Amino acid sequence: MKPFTYERAKSPAEAAAAAARNPDAKFIAGGTNLLDLMKLEIETPKHLIDVNGLGFDKIEPTPDGGLRIGALVRNTDLAADERIRRDYGVLSRAIVAGASGQLRNKATTAGNLLQRTRCPYFYDTNQPCNKRKPGSGCAALGGYSRQMAVIGVSDACIATYPGDMAVAMRVLGASVETVNAHGTRRTIPLGDFHKLPGTTPHVENALAPGELITAVTLPRPVGGTQIYYKVRDRASYAFALVSVAAVIQPDDTGQVAVGGIAPRPWRVEAAEGELPHGAKAVVGLLLTGAKPTNDNKFKIKLVERTLGAVLAEAKEAKAQNS
Amino acid sequence: MKFDTPATTNPIDQLKVVGKATERIDGKLKTTGTAPYAYERHDVVPNQAYGFILGAAIAKGRISGMDLDDAKAAPGVITIVSTLDMPKLPLGKTNIACLFGGAEIAHYHQAIALVVAETFEQARAAASLIRVGYARVQGKFDLAAEANAAPPKDGHSGAGPIDRVGNFEAAFQAAKVKLDEQYSTPDQSHMMMEPHASLAAWDGAKLTVWTSNQMIAWGKRDLAKTLSLPEENVRLISPYIGGGFGGKLFLRADAVLAALGARAAGRPVKVALTRPMMANNTTHRPATIQRIRIGASLDGKITAIAHESTSGNLPDGKPETAVAQTKLLYAGANRLTFMKLAILDLPEGNAMRAPGEAPGLMALEIAMDEMAERLGLDPVEFRVLNDTQVDPEKPDRPFSRRQLVKCLREGAEHFGWNKRNPKPGQVRDGRWLVGMGVAAGFRNNQLTKSAARVRLGRDGVVTVETDMTDIGTGTYTIIAQTAAEMMGVPLDKVVVLLGDSSFPVSAGSGGQWGANNSTAGVYAACVKLREAIAQKLGFNPADIEFADGKVCSGDRSVLLAEAAGDKGLSFEDGIEYGDLAKKYQQSTFAGHFVEAAVHSFTGETRIRRMLAVCAGASLILSQRAAK
Numbered sequence: 001m002k003p004f005t006y007e008r009a010k011s012p013a014e015a016a017a018a019a020a021r022n023p024d025a026k027f028i029a030g031g032t033n034l035l036d037l038m039k040l041e042i043e044t045p046k047h048l049i050d051v052n053g054l055g056f057d058k059i060e061p062t063p064d065g066g067l068r069i070g071a072l073v074r075n076t077d078l079a080a081d082e083r084i085r086r087d088y089g090v091l092s093r094a095i096v097a098g099a100s101g102q103l104r105n106k107a108t109t110a111g112n113l114l115q116r117t118r119c120p121y122f123y124d125t126n127q128p129c130n131k132r133k134p135g136s137g138c139a140a141l142g143g144y145s146r147q148m149a150v151i152g153v154s155d156a157c158i159a160t161y162p163g164d165m166a167v168a169m170r171v172l173g174a175s176v177e178t179v180n181a182h183g184t185r186r187t188i189p190l191g192d193f194h195k196l197p198g199t200t201p202h203v204e205n206a207l208a209p210g211e212l213i214t215a216v217t218l219p220r221p222v223g224g225t226q227i228y229y230k231v232r233d234r235a236s237y238a239f240a241l242v243s244v245a246a247v248i249q250p251d252d253t254g255q256v257a258v259g260g261i262a263p264r265p266w267r268v269e270a271a272e273g274e275l276p277h278g279a280k281a282v283v284g285l286l287l288t289g290a291k292p293t294n295d296n297k298f299k300i301k302l303v304e305r306t307l308g309a310v311l312a313e314a315k316e317a318k319a320q321n322s
Numbered sequence: 001m002k003f004d005t006p007a008t009t010n011p012i013d014q015l016k017v018v019g020k021a022t023e024r025i026d027g028k029l030k031t032t033g034t035a036p037y038a039y040e041r042h043d044v045v046p047n048q049a050y051g052f053i054l055g056a057a058i059a060k061g062r063i064s065g066m067d068l069d070d071a072k073a074a075p076g077v078i079t080i081v082s083t084l085d086m087p088k089l090p091l092g093k094t095n096i097a098c099l100f101g102g103a104e105i106a107h108y109h110q111a112i113a114l115v116v117a118e119t120f121e122q123a124r125a126a127a128s129l130i131r132v133g134y135a136r137v138q139g140k141f142d143l144a145a146e147a148n149a150a151p152p153k154d155g156h157s158g159a160g161p162i163d164r165v166g167n168f169e170a171a172f173q174a175a176k177v178k179l180d181e182q183y184s185t186p187d188q189s190h191m192m193m194e195p196h197a198s199l200a201a202w203d204g205a206k207l208t209v210w211t212s213n214q215m216i217a218w219g220k221r222d223l224a225k226t227l228s229l230p231e232e233n234v235r236l237i238s239p240y241i242g243g244g245f246g247g248k249l250f251l252r253a254d255a256v257l258a259a260l261g262a263r264a265a266g267r268p269v270k271v272a273l274t275r276p277m278m279a280n281n282t283t284h285r286p287a288t289i290q291r292i293r294i295g296a297s298l299d300g301k302i303t304a305i306a307h308e309s310t311s312g313n314l315p316d317g318k319p320e321t322a323v324a325q326t327k328l329l330y331a332g333a334n335r336l337t338f339m340k341l342a343i344l345d346l347p348e349g350n351a352m353r354a355p356g357e358a359p360g361l362m363a364l365e366i367a368m369d370e371m372a373e374r375l376g377l378d379p380v381e382f383r384v385l386n387d388t389q390v391d392p393e394k395p396d397r398p399f400s401r402r403q404l405v406k407c408l409r410e411g412a413e414h415f416g417w418n419k420r421n422p423k424p425g426q427v428r429d430g431r432w433l434v435g436m437g438v439a440a441g442f443r444n445n446q447l448t449k450s451a452a453r454v455r456l457g458r459d460g461v462v463t464v465e466t467d468m469t470d471i472g473t474g475t476y477t478i479i480a481q482t483a484a485e486m487m488g489v490p491l492d493k494v495v496v497l498l499g500d501s502s503f504p505v506s507a508g509s510g511g512q513w514g515a516n517n518s519t520a521g522v523y524a525a526c527v528k529l530r531e532a533i534a535q536k537l538g539f540n541p542a543d544i545e546f547a548d549g550k551v552c553s554g555d556r557s558v559l560l561a562e563a564a565g566d567k568g569l570s571f572e573d574g575i576e577y578g579d580l581a582k583k584y585q586q587s588t589f590a591g592h593f594v595e596a597a598v599h600s601f602t603g604e605t606r607i608r609r610m611l612a613v614c615a616g617a618s619l620i621l622s623q624r625a626a627k
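Line by line, the protein sequences give chains A and B.
Here the first sequence is numbered in this note's numbering, starting from 1 and rising by one per residue.
Here the second sequence is numbered in this note's numbering, starting from 1 and rising by one per residue.
Hints were generated in silico from the structure; no laboratory data involved.
A quick note: this is a predicted structure, and the numbers were derived from the prediction, not measured.
Quick reminder that beta carbons are idealized off the backbone N, C-alpha and C, glycines included.
There's no promise every hint is true.
To be verified - Taking lysine-lysine and the DSBU-like style, the derived pairs with C-alpha atoms no more than 35 angstroms apart in a straight line are: (1) B:LYS93 - B:LYS153; (2) A:LYS2 - B:LYS72; (3) A:LYS106 - B:LYS28; (4) B:LYS423 - A:LYS133; (5) A:LYS291 - B:LYS60; (6) B:LYS88 - A:LYS301; (7) B:LYS88 - A:LYS2; (8) B:LYS140 - A:LYS291; (9) A:LYS133 - B:LYS72; (10) A:LYS297 - B:LYS28; (11) B:LYS176 - B:LYS406; (12) B:LYS88 - A:LYS133.
What the hints assert, rightly or not - Among chain B residues calculated to face chain A with C-beta under 8 angstroms, some are: (13) THR9; (14) ARG131; (15) ALA224; (16) SER228; (17) HIS599; (18) ARG606.
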């Protein structure tokens, strides 16, 4: 780990100002990902701004009937919140499908959105990685790529966005609220938040330098049967090979987002029109342009099958409710 | 004590302490975090410094140069030991891969430097400042690509590269029902909870290493050899081990580099492998490609069986002995087993949890299922039909006891095997397809000599000293039970001291040889102590009883504490074995029954129910540990 300085910010303005003063600074909240990466010198901030004292730890109703989730709400608290469990069940289920109880106690809503890929070549600093060291190459291409992305990839990077929470937020149509050093606030739809790698895989999201996430907002509840189905190599404490977040309405319409297959939670609104026609029809549109490797081409079929399981479960739920 | 005839009734058979559901005597230490593991021995020597290992960034080639200047100038750095400082160090007897020294890189993450600093963080940060130049060489890493050209090679435990009985090819050709299938298994790494870790301290020419090692005597011998030290100058201490699985059978880089680092720094140094280093700096279970052929008559009798296995290793390494169980498990007059070794530039392949059987038995038992299906036989019946009570390669050599059929029959009954639907895909539970499966379990009894010292103090406390290790398997408890039974004292009057090379040499922990041999060695030492007490008191050794902290003969009774006298008594002995293994094949058996579910959409597999019926242990030492 490189030596670094540390401060505790007392207000959003102070945090943003500190970030403006220190171009090599990072915000730290739960630290469940950042500290690991610092130990490996994959992240080498010269300064840490601890934002845990900024508040942002409430879940509050919004004027239009949705919820505003503070950036520092811990994953455990979010998953256990009564309103989330009742009205946004897919989000609660996605969160408890990820990490471990200890990590979820520490990890925050904003930090979860910003977690970095688990590509083993990103973690092994002996290997070339365009995300870790721009221009050095990609060892995953031609390497062991079972876990890697099959769509949204580029010749520079085939890493996935690894999380679960954001996949559920994406299907719910969430937005990210931020503030910058000048106090300017903006709202970024989650679909625009994570960037595809292109030729710049080290640029992973839409945040400007020093811009701080303050909340994630959810629109008003949409009802339906809400399912999160995660398929992985171990039954617990493993990242998704494929995960499906879905909201299915009684008329078989709905929304679907997929995790574990792309550099961001993967949602194609046009494909959702095919939901009444079954998984195969949806996946045909959802995965148009996929570029799998020999190691991970199974994911194409697995997405279809996992979505098939989700739709079967939704159908059963419908039968029970009617 | 020589054990060369079947045992008769002896004091162990009282079963007052042995065989009970005894709680682990070290359980409280472990559950309260107070069991002293190697990396946490802050108490044993002052002024400890931290060592951090730098692993090679390439998989094959040479180091062309190392620039240590920035690292040496980094905060807190005391010294750096580089692999270029010395020639390739001598290999320990059980080592294949070079642990340190020289410019040649034989595998990824081979240790190439140790940075010693005041703190762990400083050592790690400085290690990242070492600049290494490499001359890469194209290596071989793909077993499938090398398998065809791989030459025959003999394995561990005397299995030849090619063993034949009868005429396999002709019998297989003539068989009415045949199977010829290929199976492959991947490389697998040990990932025990406690990483390899050592703390080394020099006192003049004497070296003490607190470490985490399953085999103390091997470790001492090989550390002395690697560092060119007289064995008597090396002491290993390893009382608690957070898992081993075979990955700590051998001397590894942590111990060697802690010793070199401590010598260079002039103060004690401790070193632990980081989690990412554990996969490639140590040993692993090699991948295999196996071919199994079985020929049978229409009534299901095996007439021909062949098992071939190809695995990879560094030059001078051994193949994974995946064919071993096939030599002994099922009948069949015509037999062939065959091992080949491809030279690969991966880290050393060596023992990992049931080496040989874990990949080999899996393939054989899948083949047996597939063959049963071709024959239209129930898989349990097919196995029973081909049971053998003699070594199939040497039919005049019977098994000492073989209860595989009983394991299968009892297991089938308890498990409800008769409810199995043999047609696949017929039983559903929601979106899950549910099925039952069976497999035989097999592992040979492994006998090796093992010694202990038993002391009786004037306080009546019995202290056992042996270099035996406890890798989380409950050794402390079963040794305490053995001594308590033999000396007629309660468990709280027994102290067990393990894992110190200054104690008598034991079997160590590995390969299913730990519990049987180490407790037998303690038994032998206790017999000697009992005889000495009888002689000292003038008791008739044929009419003597040790119970309730006393020794009694006829109407005389003396407290053990008194019998010990002011100086106490101390005796050492061990168990050694005769040639019973030549006359009898000694093996253990199991029938495994599993109910598995496969998701009809995703293919996810879940084990819902499992039953193992095991036979082989003649005496269960602790009911609790056995369960």
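Going down the list of hints, with the structure as the test:
Straight-line distance between C-alpha atoms of LYS93 (chain B) and LYS153 (chain B) comes to about 19 angstroms, which keeps the hinted pair within the 35 angstroms bound. At roughly 15 angstroms between alpha-carbon atoms, LYS2 (chain A) and LYS72 (chain B) fall within 35 angstroms of each other, so this suggested pair holds. Of the pairs offered as hints, the one joining LYS106 (chain A) and LYS28 (chain B) holds, with about 29 angstroms between alpha carbons and a cut-off of 35 angstroms not exceeded. Note on LYS423 (chain B) and LYS133 (chain A): the hinted pairing is violated, with a Cα-Cα distance of about 54 angstroms set against a maximum of 35 angstroms.
Distance hint between LYS291 (chain A) and LYS60 (chain B) is fulfilled; the C-alpha atoms sit about 32 angstroms from each other, no more than 35 angstroms. As the CA atoms of LYS88 (chain B) and LYS301 (chain A) are separated by approximately 51 angstroms, the hinted pair breaks the 35 angstroms bound. Simply put, LYS88 (chain B) and LYS2 (chain A) have alpha-carbon atoms about 32 angstroms apart, close enough for the 35 angstroms limit, and the pair holds. Proximity of LYS140 (chain B) to LYS291 (chain A) is assessed by CA-CA distance (about 28 angstroms); at most 35 angstroms being required, the pair is judged to hold.
Of the pairs offered as hints, the one joining LYS133 (chain A) and LYS72 (chain B) holds, with about 25 angstroms between alpha carbons and a cut-off of 35 angstroms not exceeded. Our distance criterion of 35 angstroms between C-alpha atoms is broken by LYS297 (chain A) and LYS28 (chain B), whose separation comes to about 50 angstroms. Of the pairs offered as hints, the one joining LYS176 (chain B) and LYS406 (chain B) holds, with about 29 angstroms between alpha carbons and a cut-off of 35 angstroms not exceeded. For the hint linking LYS88 (chain B) to LYS133 (chain A), the alpha-carbon distance of about 34 angstroms falls within 35 angstroms, and the restraint holds.
A cut of 8 angstroms between beta carbons decides the hint on THR9 (chain B): the least distance to chain A is about 48 angstroms, and the hint is violated. Taking 8 angstroms as the C-beta cut-off, the interface hint given for ARG131 (chain B) is violated, the closest approach to chain A being about 13 angstroms. For ALA224 (chain B), the interface hint is violated, the least distance from its beta-carbon to any beta-carbon of chain A being 33 angstroms, above 8 angstroms. A distance limit of 8 angstroms between C-beta atoms decides the matter here; for SER228 (chain B) the minimum to chain A is near 31 angstroms, and the interface restraint is violated.
The closest approach between the C-beta of HIS599 (chain B) and any C-beta of chain A is roughly 7 angstroms, which is under the 8 angstroms cut-off, so the hint is satisfied. Checking ARG606 (chain B) against chain A by beta carbon gives a least distance of about 7 angstroms; that is within 8 angstroms, so the hint holds.
Of the numbered hints listed earlier, those contradicted by the structure are 4, 6, 10, 13, 14, 15, 16.
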